[in-house]
Amino acid sequence: MSGQKKLWWSLLAIALILSFSTATVSAQGGGTLIGGFDVGPGGLPQTVPWVQTAGNTWLSKIWSPLVSYNEDVSGLAPQLAVAWEANEDNTVWTFTLREGVVWHDGEPFTAEDVKFTFDFVLSPGSTFSGPPQAAALTILGAQAYNAGEAAELAGVRVVDDLTVEFELEAPNPRFPFKLVDSYILPAHAVNFAPAEIATTDWWFTNPVGTGPFMHEEFVRDQFWAVVPNPNYWNGAPKLDRLINRYFEDETAAILALEAGEIQFTYASGDVALQLGEKGYALHQGPSGVTNYFIFNYRNPVFQDVRVRQAFLYAIDRQAIAEVILGGTAQVVPCLGAFPNMWPAEYNEYAYNPDLARQLLAEAGWQQTEPIELVTYYSSQFHMDAMAAQQQYLADVGIDVVPRVDADGYNAYFYTGEGWQISYRGLGNNPGNYPFQFYETGGYPNAVGDTGTLMGQSFPELDALIAAARQEADPDRYTQLLQEICAFQNENAIEAYMWTALRYGVASTDLVDFYWFPAPGGGPYEDHPELWAVAE
Amino acid sequence: MTSQPASPTGTPDRPTVVVELAGSRARPESLTRRTLRRFLRNRLAIVGVIGLATMILLVVFASQIERYPYEQMDLRAAKSPPGADHWFGTDRTGRDIWSRTIHGGRVSLSVAAAATLLSTVIGMTLGATAGYYGGKADWIISRFTDIVLTLPPIVIMLTLASFLPRSLVTLIVVIGGLSWPGTVRLVRGQFLSLREQEFVTAARCLGLSHRRIIFVHIMPNVIAPLVAMVSFTVGNAILTEAGLSFLGLGVAPPTPSWGNMLEAARNLQILRELPWMWIPPSIFTVLTVLFVNFIGDGLRDAADPTMVL
Amino acid sequence: MFKYLIRRIVVSIPVLISVTIIIFGLIELAPGDVVDNFINPEIGYSAETLEAIRERFGLGQPAPVRYLKWLGNAVQGDFGLTYVSGEPVLAAIGRRLGNTLLLMSTALLVGTVIGVSLGVFTALRQYSFWDLALTTLSFVGISMPAFITGILGMYLFAIEWKIFPSGGMRPVQRDPTVWDTLHHLILPAGILSLAYIATFMRYTRFSMLEVLHTDYVRTARGKGLHERVVIWRHTLPNALLPVITVIGLSLPSLVVGAVFIETIFSWPGMGTMYLDAVNAKDVPLIMGMNTVIAIVVLGANLLTDLAYGMIDPRIRYD
Chain A
203 MSGQKKLWWS
213 LLAIALILSF
223 STATVSAQGG
233 GTLIGGFDVG
243 PGGLPQTVPW
253 VQTAGNTWLS
263 KIWSPLVSYN
273 EDVSGLAPQL
283 AVAWEANEDN
293 TVWTFTLREG
303 VVWHDGEPFT
313 AEDVKFTFDF
323 VLSPGSTFSG
333 PPQAAALTIL
343 GAQAYNAGEA
353 AELAGVRVVD
363 DLTVEFELEA
373 PNPRFPFKLV
383 DSYILPAHAV
393 NFAPAEIATT
403 DWWFTNPVGT
413 GPFMHEEFVR
423 DQFWAVVPNP
433 NYWNGAPKLD
443 RLINRYFEDE
453 TAAILALEAG
463 EIQFTYASGD
473 VALQLGEKGY
483 ALHQGPSGVT
493 NYFIFNYRNP
503 VFQDVRVRQA
513 FLYAIDRQAI
523 AEVILGGTAQ
533 VVPCLGAFPN
543 MWPAEYNEYA
553 YNPDLARQLL
563 AEAGWQQTEP
573 IELVTYYSSQ
583 FHMDAMAAQQ
593 QYLADVGIDV
603 VPRVDADGYN
613 AYFYTGEGWQ
623 ISYRGLGNNP
633 GNYPFQFYET
643 GGYPNAVGDT
653 GTLMGQSFPE
663 LDALIAAARQ
673 EADPDRYTQL
683 LQEICAFQNE
693 NAIEAYMWTA
703 LRYGVASTDL
713 VDFYWFPAPG
723 GGPYEDHPEL
733 WAVAE
Chain B
700 MTSQPASPTG
710 TPDRPTVVVE
720 LAGSRARPES
730 LTRRTLRRFL
740 RNRLAIVGVI
750 GLATMILLVV
760 FASQIERYPY
770 EQMDLRAAKS
780 PPGADHWFGT
790 DRTGRDIWSR
800 TIHGGRVSLS
810 VAAAATLLST
820 VIGMTLGATA
830 GYYGGKADWI
840 ISRFTDIVLT
850 LPPIVIMLTL
860 ASFLPRSLVT
870 LIVVIGGLSW
880 PGTVRLVRGQ
890 FLSLREQEFV
900 TAARCLGLSH
910 RRIIFVHIMP
920 NVIAPLVAMV
930 SFTVGNAILT
940 EAGLSFLGLG
950 VAPPTPSWGN
960 MLEAARNLQI
970 LRELPWMWIP
980 PSIFTVLTVL
990 FVNFIGDGLR
1000 DAADPTMVL
Chain C
9 MFKYLIRRIV
19 VSIPVLISVT
29 IIIFGLIELA
39 PGDVVDNFIN
49 PEIGYSAETL
59 EAIRERFGLG
69 QPAPVRYLKW
79 LGNAVQGDFG
89 LTYVSGEPVL
99 AAIGRRLGNT
109 LLLMSTALLV
119 GTVIGVSLGV
129 FTALRQYSFW
139 DLALTTLSFV
149 GISMPAFITG
159 ILGMYLFAIE
169 WKIFPSGGMR
179 PVQRDPTVWD
189 TLHHLILPAG
199 ILSLAYIATF
209 MRYTRFSMLE
219 VLHTDYVRTA
229 RGKGLHERVV
239 IWRHTLPNAL
249 LPVITVIGLS
259 LPSLVVGAVF
269 IETIFSWPGM
279 GTMYLDAVNA
289 KDVPLIMGMN
299 TVIAIVVLGA
309 NLLTDLAYGM
319 IDPRIRYD
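Residue numbers (my numbering), protein chains in the order written: chain A, 203 to 737; chain B, 700 to 1008; chain C, 9 to 326.
Rather than coming from a laboratory, the hints here were simulated on the basis of the structure.
Bear in mind that the values here come from a model prediction, so they are computed numbers and not experimental data.
Mixed in with the good hints there might be a few duds.
A few chain B residues that face chain C, going by a derived Cβ cut-off under 8 angstroms, partial list only [claimed, not checked]: (1) I745; (2) V746; (3) T849; (4) P864; (5) V872; (6) A923.
Calculated lysine-lysine pairs in the PhoX-like style (CA-CA distance at most 25 angstroms, straight line) [said to hold, decoys possible]: (7) K480/A x K77/C; (8) K778/B x K480/A; (9) K835/B x K11/C.
If you only want the chain C side, here are some residues facing chain A, beta carbon under 7 angstroms, derived [to be verified]: (10) I47; (11) P49; (12) I51; (13) S54; (14) E56; (15) L79; (16) G80; (17) N81; (18) Q84; (19) G85; (20) G88; (21) P276.
Backbone N, C-alpha and C fix where the C-beta goes; we use that ideal spot for every residue, glycine too.
Based on the sequences and whatever the hints tell you, model everything.
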């Protein structure tokens, strides 16, 4: 026994010595900000622009797009472009570039770089994919050039050193919104082929961008350190160093935050509120993601509006949002996640189980076996919400069984087959509305003649969407979004639940730090050049 | 298991002094120590039996004992700590943890029992065959076991989840069907060693049947490591069930199980602020494994010819 | 023995190939493909973008053709590029393998030494207070999921007492030293070793009890041999057989890693990489990792069988 005791004491002593030796070191670099910038719903850390589907909060520290979202994602902010305007029919967009911008290696940034970027990623054999594609492929001649049918990309033209023109295949009054995650690449420094976009290690060994920070050290799976770009157009950053540490999941990041090893991370609502009480600084904002049930109309029972409305009346959405989700979610009338997308009047579908039962009886609701309610969510937050939904539905005689399918979901969801009802989330904001979810032919590969995910066409929505896609006047456009909302609400084409707040948690010694839960991580106007760590 | 293996050296009598020798030290045990030890030995096995029986009764009569239906939400009472209304408190949707714990035992105990039985039967049969007969039988069984040991459970589970129906039987077959290779390796190893020992050779020379040698002479000596294996398999099955149910293979919500109640502790808020949500299922799981082990310990002693009870 | 060794190694090849066929088939049958990893369900993708992501991975060929291609390259040592990170599979594995070996071998070593010692200790004092206490503790340790012991351990040692860092393998502020690595290693390895200690302790205890009651131990004692000699020379070696089996069964974890501990301690190892690869259906990476794991499992079983022969010379293979 005594031998064992001795062992423990000596282990403890070694541990103490070790901890002192590191404690003295962590006191130096006063201006170093370490954060978990890729923690959260975006998924695994993504390090490669043009194939990224998330991770823009970090990528935008090194790379810059022409325009980004503004600070609360309600509009756009200038980045490499200072001004942009369209011709009368919204088919040609002219961008005026910022003067005096230089690349991290000191070379000047010009319109040629912009043209090079789009030529490069769109060239035949290029491996680019992901959201930036949505913008690039609408450029005139882009698809032909990408398919190898045209010798060059017709739609991007250099007017002069600081002016570049995009001509589109079809009018798009909100084209700049599509460009927010299209990072501009240096024509003089890219030394790999377009086919190597997804595999080259250039992106994290010697990247040359125009962003506020410059590459210093990248250790795969562990961290990426960057240092200030003294020539950043908005002024050199105050921080000495900025480090993105990689975490396999949120819990690990939060424990690191509490241990004082990082100063920022994303946190889910319940944990964030808990940390807020402990004195951490909370950065909160709307997720812009609406959680809802999508019905598969290929099953005729869901074609009856009374059945769909019964789902809404049966579930006490307000109680779930307040109690289970702890007030971190707001009930919505339709897909629109922001109040300016809602009409003045709409049906609130307040909790009314009797009405739900009555509607079901009128519709002749008969169930022989449980209906699977599939989701890709696996967090406790959504599990609790689904447990409650299941009970509320059971209460009125609808038997659903939740099933979590985090892996296979995307494989069948977009075909319209293999699911009955899905509890999911869909990001939307006035600048980027997922019209294709509601439009006839929006998903040509989906099963059925209509080509919609739901398996049902809505001519009224088709008309509203066609009008909205063309509408350049912001007020009139908002009006159309509200009309879409009214239709979704009245016909309960899906059962809309709520939109949640999302949280970033920071230690209180950060100065002028800013974070917002932008879709895919932004990029948005977060002014990293102003961030500092208090002594 | 009361039959005694033929003694290798053929000593017919078993002097009681063996107990002292087998105990711990060469020096004779004091009377008090010896009494305590005997008392504990009996008591622990009895504690195991009574404990497990109580657990089974709680679980079987869960619907009679429960104070609220296990699936009943009460948002006003959500996150209540243990108290008079809810003995074990409530979860984040206000469901009663006491009800969920005793109902959860239905899934957990039946899956654990059946899966352990399945895996032990497969493991013992294959292990004994390979170890006793050796040669081709050993070669084939061992290579087959190698293959199964090499397959990653997560890939098998993910794939099966898309084919198999959601049911208790599926759970049992998958858990039992994946956990036998360890038992095979263990039993085979013991048999390889034991079949070469004098008492087995002697039994063979006497012309005893293989079956008799395997079951009567060798098997009792394999009980000890097997008991350890069984208690680990029970614990593992309870935890694995949750993972499988999560993939859509096992029980569907809102049916509770100790495994899926424990899973909730992955959430930091629950782990720290709502410990009553995960402590009861943890305690029940630990107790189950402990009781099984106490019974196993008793069984081992009973099967041990040199222990004088 | 030598002949046996050669035969085992030769027969490993068809075993290995059948394992890769089975795994490839299972992944093929599982729903979804790598493309799903690049679809964030909350972003409303256009049909064209979905199509482009699918094209990028060109999964057009039939499964048997893709398998044979993989096998043809693999036997030449070319395991391809991972789908997700785009780096060579072997490089990705190499990067993680060292980390996992360091973590798991420390845990296994500590677990074996302490576990076997405690097992002997409890066997010699069967039904004593210490036996009961250690038995109970070991079952608590084993029945608690790693996420509970892991997080609680980190809570005490990294957050409350700040003795160890909360995660990672090195400080990010400067180049790491050997001390830094050790400092980051102790906590996760210590927590992992708890399960090993519990397991090995139980097997050793049971096995010791079994052997202590055999006639030759009695004979040894009867001859008046010193108790220490009886225990260490006569009992323990014979009791080790099942323990060796169980240690052999644990050897593959040296390369398989431990998913949860790696996750919360941000220790980039094989466990999390494998899980990520499976979730992403990153076929080249899964196949590469499985080949490595299969070789280790086969090797560990072979080693175990050889160890039997060394411990008990009567065991023969034919």
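Problem - Residue hint S54/C, partner chain A, criterion CB-CB below 7 angstroms - result: holds, 5 angstroms
Handout entry: Hint check, N81/C versus chain A [nearest Cβ-Cβ separation less than 7 angstroms]
Key = Violated. Min distance 16 angstroms.
Handout entry: Hint check, V872/B versus chain C [nearest Cβ-Cβ separation less than 8 angstroms]
Key = violated, 16 angstroms
Handout entry: Status of the P49/C interface restraint (C-beta, 7 angstroms, chain A)
Key = Result: holds, 5 angstroms to nearest chain A Cβ.
Problem - Interface restraint verdict for T849/B against chain C (beta-carbon cut-off 8 angstroms) - result: holds, 4 angstroms
Exercise for the section: Go through the hint on I745/B and say holds or violated, using the shortest Cβ distance to chain C against 8 angstroms. Expected result: violated, 13 angstroms
Exercise for the section: With a cut-off of 7 angstroms on the beta carbons, see whether I47/C makes it to chain A. Expected result: holds, 4 angstroms
Practice task
Identify whether the interface hint at I51/C stands, where standing means a beta carbon of chain A within less than 7 angstroms of its own.
Solution key: Status holds, d = 6 angstroms.
Practice task
Verify the proposed pairing of K480/A with K77/C, using a straight-line Cα cut of 25 angstroms.
Solution key: violated, 56 angstroms
Handout entry: Residue hint G88/C, partner chain A, criterion CB-CB below 7 angstroms
Key = violated, 11 angstroms
Practice task
Would you check whether G80/C satisfies its interface hint, that is, whether its CB is within less than 7 angstroms of any CB in chain A?
Solution key: Nearest chain A Cβ about 21 angstroms off; hint violated.
Practice task
Assess, step by step, whether the Cα of K835/B is no farther than 25 angstroms from the Cα of K11/C, and give holds or violated.
Solution key: holds, 16 angstroms
In the structure shown, a violation is registered for the earlier hints numbered 1, 2, 4, 5, 7, 15, 16, 17, 18, 19, 20, in ascending order.
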